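Chains as they are written, first to last, in our numbering: chain R, 1 to 387; chain S, 388 to 660; chain W, 661 to 969.
None of these hints come from the bench; they were simulated from the model. Nothing here was measured: the structure is a model prediction, and the numbers come from that model. Each hint should be verified, as a subset may be incorrect.
Beta-carbon label-pair distances, calculated as ranges [stated by the list, open to error]:
1. Pro-580/S to Asp-53/R: 49 to 55 Å
2. Arg-161/R to Phe-452/S: 46 to 52 Å
3. Ser-696/W to Phe-452/S: 39 to 45 Å
4. Leu-881/W to Leu-571/S: 55 to 61 Å
5. Gly-780/W to Phe-443/S: 31 to 37 Å
Output of the computed footprint for chain S on chain W, the stretches with three or more beta carbons under 8 Å from beta carbons of chain S [said to hold, decoys possible]:
6. 915 to 929
7. 948 to 956
Don't be surprised by glycine CBs; every beta carbon is placed ideally from N, CA and C.
What follows is each chain in one-letter form.
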Amino acid sequence: MLPGRQFFPRSGVKTPVSATAVIARQSTTAIRGVAVTVENIWRSYGAVAAVADVSLDVQGGEFLSLLGPSGSGKTTLLMMLAGFEAPQSGRISIGGRDVTHVPPNRRDVAMVFQRYALFPHMSVAQNIAFPLRMRRLGRAARDAKVREALDMVKLSGYAERRPAELSGGQQQRVALARAIVFDPTVILMDEPLGALDKKLRQHMQLEIKQLQARLGATVIYVTHDQEEALTMSDRVAVMNGGRLVQLGTPRALYDRPATSFVADFLGEMNFLRGRVRDVAAGLALVDVAGGVAHVRAEARRGAAVRVAVRPEHVTLLQGETTRDLTGRLAQVIFNGAATDVLIELPDGEALRARVGARSDEASLRPGDAVGIGWDPAAAHLFPDGET
Amino acid sequence: MTDAPVRPRRGKIRWADLPFGLLCVAILIFLMLPTVLIVPMSFSRTSYLTFPPSGFSLEWYRLYFGDPAWIEATVFSLGIAVMTMAAATVVGTMASVALVRGRLPGRATLEALLLAPLIVPSIIVAIAVYLQFAPLGLTGTRLGFVLIHTALAVPYVVLVVTAALQRVPPSLEMAGLNLGASRLRCFLEITMPLVAPAIAAGAVFAFLASFDETVVSFFISGVEHQTVTRKMFEDIEFNISPVIAAASTIFVLASVGLMSLADFSRRAASATS
Amino acid sequence: MTASIAEVESAPSGTIQPGAALPGALATPSRRGQLSAGASLLLLAPLVLLLGWAFFLPIIRLLLTSVTRPHLNVANYIRLATQPLYVEVFFRTIWISFATAVLALLLGYPVAALMARPGGKFPKLAAVCVLVPLWTSGLIRSYAWITLLQRNGVINNALLSLGVIHAPLTMLYTDGAVLLAMTHTLLPFMVLPIFSVLKSLPQDLPRAALNLGASRARAFLAVTLPLSLPGVAAGCLLVFVMALGFYITPALLGGPRTLMIATLISQQATEVLNWPFAGALSCVLLVLSLGITIGFKRLLRLDRVVSHD
Numbered sequence: 001m002l003p004g005r006q007f008f009p010r011s012g013v014k015t016p017v018s019a020t021a022v023i024a025r026q027s028t029t030a031i032r033g034v035a036v037t038v039e040n041i042w043r044s045y046g047a048v049a050a051v052a053d054v055s056l057d058v059q060g061g062e063f064l065s066l067l068g069p070s071g072s073g074k075t076t077l078l079m080m081l082a083g084f085e086a087p088q089s090g091r092i093s094i095g096g097r098d099v100t101h102v103p104p105n106r107r108d109v110a111m112v113f114q115r116y117a118l119f120p121h122m123s124v125a126q127n128i129a130f131p132l133r134m135r136r137l138g139r140a141a142r143d144a145k146v147r148e149a150l151d152m153v154k155l156s157g158y159a160e161r162r163p164a165e166l167s168g169g170q171q172q173r174v175a176l177a178r179a180i181v182f183d184p185t186v187i188l189m190d191e192p193l194g195a196l197d198k199k200l201r202q203h204m205q206l207e208i209k210q211l212q213a214r215l216g217a218t219v220i221y222v223t224h225d226q227e228e229a230l231t232m233s234d235r236v237a238v239m240n241g242g243r244l245v246q247l248g249t250p251r252a253l254y255d256r257p258a259t260s261f262v263a264d265f266l267g268e269m270n271f272l273r274g275r276v277r278d279v280a281a282g283l284a285l286v287d288v289a290g291g292v293a294h295v296r297a298e299a300r301r302g303a304a305v306r307v308a309v310r311p312e313h314v315t316l317l318q319g320e321t322t323r324d325l326t327g328r329l330a331q332v333i334f335n336g337a338a339t340d341v342l343i344e345l346p347d348g349e350a351l352r353a354r355v356g357a358r359s360d361e362a363s364l365r366p367g368d369a370v371g372i373g374w375d376p377a378a379a380h381l382f383p384d385g386e387t
Numbered sequence: 388m389t390d391a392p393v394r395p396r397r398g399k400i401r402w403a404d405l406p407f408g409l410l411c412v413a414i415l416i417f418l419m420l421p422t423v424l425i426v427p428m429s430f431s432r433t434s435y436l437t438f439p440p441s442g443f444s445l446e447w448y449r450l451y452f453g454d455p456a457w458i459e460a461t462v463f464s465l466g467i468a469v470m471t472m473a474a475a476t477v478v479g480t481m482a483s484v485a486l487v488r489g490r491l492p493g494r495a496t497l498e499a500l501l502l503a504p505l506i507v508p509s510i511i512v513a514i515a516v517y518l519q520f521a522p523l524g525l526t527g528t529r530l531g532f533v534l535i536h537t538a539l540a541v542p543y544v545v546l547v548v549t550a551a552l553q554r555v556p557p558s559l560e561m562a563g564l565n566l567g568a569s570r571l572r573c574f575l576e577i578t579m580p581l582v583a584p585a586i587a588a589g590a591v592f593a594f595l596a597s598f599d600e601t602v603v604s605f606f607i608s609g610v611e612h613q614t615v616t617r618k619m620f621e622d623i624e625f626n627i628s629p630v631i632a633a634a635s636t637i638f639v640l641a642s643v644g645l646m647s648l649a650d651f652s653r654r655a656a657s658a659t660s
Numbered sequence: 661m662t663a664s665i666a667e668v669e670s671a672p673s674g675t676i677q678p679g680a681a682l683p684g685a686l687a688t689p690s691r692r693g694q695l696s697a698g699a700s701l702l703l704l705a706p707l708v709l710l711l712g713w714a715f716f717l718p719i720i721r722l723l724l725t726s727v728t729r730p731h732l733n734v735a736n737y738i739r740l741a742t743q744p745l746y747v748e749v750f751f752r753t754i755w756i757s758f759a760t761a762v763l764a765l766l767l768g769y770p771v772a773a774l775m776a777r778p779g780g781k782f783p784k785l786a787a788v789c790v791l792v793p794l795w796t797s798g799l800i801r802s803y804a805w806i807t808l809l810q811r812n813g814v815i816n817n818a819l820l821s822l823g824v825i826h827a828p829l830t831m832l833y834t835d836g837a838v839l840l841a842m843t844h845t846l847l848p849f850m851v852l853p854i855f856s857v858l859k860s861l862p863q864d865l866p867r868a869a870l871n872l873g874a875s876r877a878r879a880f881l882a883v884t885l886p887l888s889l890p891g892v893a894a895g896c897l898l899v900f901v902m903a904l905g906f907y908i909t910p911a912l913l914g915g916p917r918t919l920m921i922a923t924l925i926s927q928q929a930t931e932v933l934n935w936p937f938a939g940a941l942s943c944v945l946l947v948l949s950l951g952i953t954i955g956f957k958r959l960l961r962l963d964r965v966v967s968h969d
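So here's chain R without its partners, still in its complex pose (with noise of 0.2 Å):
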């Protein structure tokens, strides 16, 4: 399957021309720089914008993620690359070629569905082949490319079995072989892994980024799950109400999320709502529940904020102190791997921070008060009332 070694043929030995190679040329790691731009797209069903001004560009080689809730319009958006859903306006270019009118079977898109769409009525490699006989691939060809689209998703010796004798991961992976036996631009995942359970799924997440490192495939994934995006994703693309909300790296979307909707979605996140008390010097002095917030933000003396902190960035200390944000000690939450626990603020909101097993922090018991503190670059200032 790499690239080099079928497409460029060794002395003497000449490759068959076919409708492969010749899509070939737009393959995957052939592809420098853009695989995928997507221009200003817009869809609407009825008054609902599914998909509202959309714009963003997909490297060659790399993994992006589609992320949001449900109704987003990740899913929207996917199908309008694949060419199932037409764009209202705007443009879709893929491999360089614009394809925003293009019909999907002529695309040179793979797509891996939801459910698999595995063909029930035939066999695991008559699936696989089935692209490469709609691009007239030989018969010797075609049995040694599912072959070796087999071994790359280790399901060889399954070729003869039929869909339904297939557990849910093998039948993933069938349908992952059948998308890149072709060799197509792109990939686009809806969703694959929802329908497992949490280990396989897991599992499937390091398969399909392994898969992809070593094809230097283009995928476009989408989910609902951020752990997943953040975990598997070069970059991920954060959609919400149609809208793209922000684009990054996961890390980038982690730590400096762009809004408060980004903030809340990805990992786990406090908010205490107050009003900007002061600022000086690029640190804003917030009101916030009894007690002063230090944020590293810009922001309007008196504006109304939210203030942002994840759990593992609180700090706590017991006893009554001289913290600037005090609280009481509500509960303790066992997680297996962490221990987090709920601190009640003053006017009633709660907190709630991560604990190291081995330090002074978790020997706290509730009932106790403590004082509250975290690292003022490590928090977020909001307008309030932004989604």
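Mind docking chains S and W on chain R? Use the hints.
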């Protein structure tokens, strides 16, 4: 169901169930008895069924196979049924595809109208069609029979095939398109094989609908050509004899056999999809 | 006429029942109709033309002759409504059809309940006993009843030889014979809708009733029976409407004094040769059948009763 939801073990007899069980057995006997009784009748030595049954004879079968009137009627009916099966299956499948996958205005009314032959009482159809066919010289002709039988049989095909088409997940055709197949190719290679068992079942229904069709056939049978159902009807009214039992046994066994086959193939097909 | 064991075992989907076929029977959620309107019409054309010419046109013409011969009038309908003979036929037909439905319900419900049981051999056996008669033509079944009920028939011979009676009973050519044979013929059409609904009831409901202290009988009466009513209604309507228009059974088993609408129509058409009047009778029968079918369309609730997902 719900009558005994807390059965301790399958197959264990609960004594409280007994009255219900007996009632059911009685009703099931009621259901099966008439049809089943034909069989020993066709083998009885006497021309009426005695109880206990007397003797065993193939006389009535000999009479059936040896009677040109019976054989000719049977062959005629079979021919009509085969042609009806072919016509109804083709026309019905095409219509089903249009109904399930097509863009049609007023689809609901269309469906209702297409299924009308199942609702309208056959006597009305019979005399109406006779009035229409007679002046055209279509009564008693193969063409006439096939036309009306097909019209009456197609709804069965449409019902079965549309149900099967709806069960095919659209994502399968989408996958086919995505992998590079043309729309027609998708339909032929992906959808049709999955629907084929239903089409076969529909064909069997159409065949039997035609072969068993009695009322309309009675009215449009002619002097030269009559269906076996017409002959049977007349014989029952005027000339009752156990030859009818012999013919009936053959037909019943054939019907049950065919329907079981159709049933079996559909079950096998849905097991793999 | 047609249904299958597979459907019966796993809840009927696409079970075919005359009279049960209505808008919504093919409940298609439209998914971006993939065929163009032109292609759809082309595929539909043969069927439309065939049905139009061989089915709808003749019926419309028949109905028209009832008011246009010799000139535009409603004399036929007036005659139909005022002559006691004809009124009697209508009432008798309605009465027998009603009785058939009731009898079919009493006999059919237990069978449907048996078929809907979760496992074991009995449900399958019951299914076979329901489907085999269904797959047999109505003509043959009527013939079977004649051999059972005739003076020289099975029942009389059995009773005579057992000494229960001393002279053969007259059973044939009576209203009772017609009722019995029609019930037998239409029983599967009562069983299948009820079975379909019963099968789709969640098992947890009667279990909950038992858990809360109800006896099995009470659980059935309070929970299962009310929830099965849509199936019951569908079955009753189906059987009633089919019985109204039945021809074969009344023709073969009914006597000269048990005329029903269908046999009356046939008589007017073939013996009396009064086609316009036959047309008028047909019109009334059609209006009655269609009226009940369409009027109770919601009760017939096809997508729950006939097909099941």
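Do the hints match the structure? See the list:
1. Pro-580/S to Asp-53/R: 49 to 55 Å: violated, 43 Å
2. Arg-161/R to Phe-452/S: 46 to 52 Å: holds, 50 Å
3. Ser-696/W to Phe-452/S: 39 to 45 Å: violated, 54 Å
4. Leu-881/W to Leu-571/S: 55 to 61 Å: At roughly 56 Å between Cβ atoms, Leu-571/S and Leu-881/W fall inside 55 to 61 Å, so the hint holds.
5. Gly-780/W to Phe-443/S: 31 to 37 Å: Holds, since Gly-780/W and Phe-443/S (Cβ atoms, about 36 Å apart) stay within the stated range.
6. 915 to 929: Our answer is that it holds, as 4 residues pass the Cβ test (under 8 Å) against chain S, meeting three.
7. 948 to 956: holds (count 3)
Going down the numbered hints, you'll see the structure goes against 1 and 3, while the others check out.
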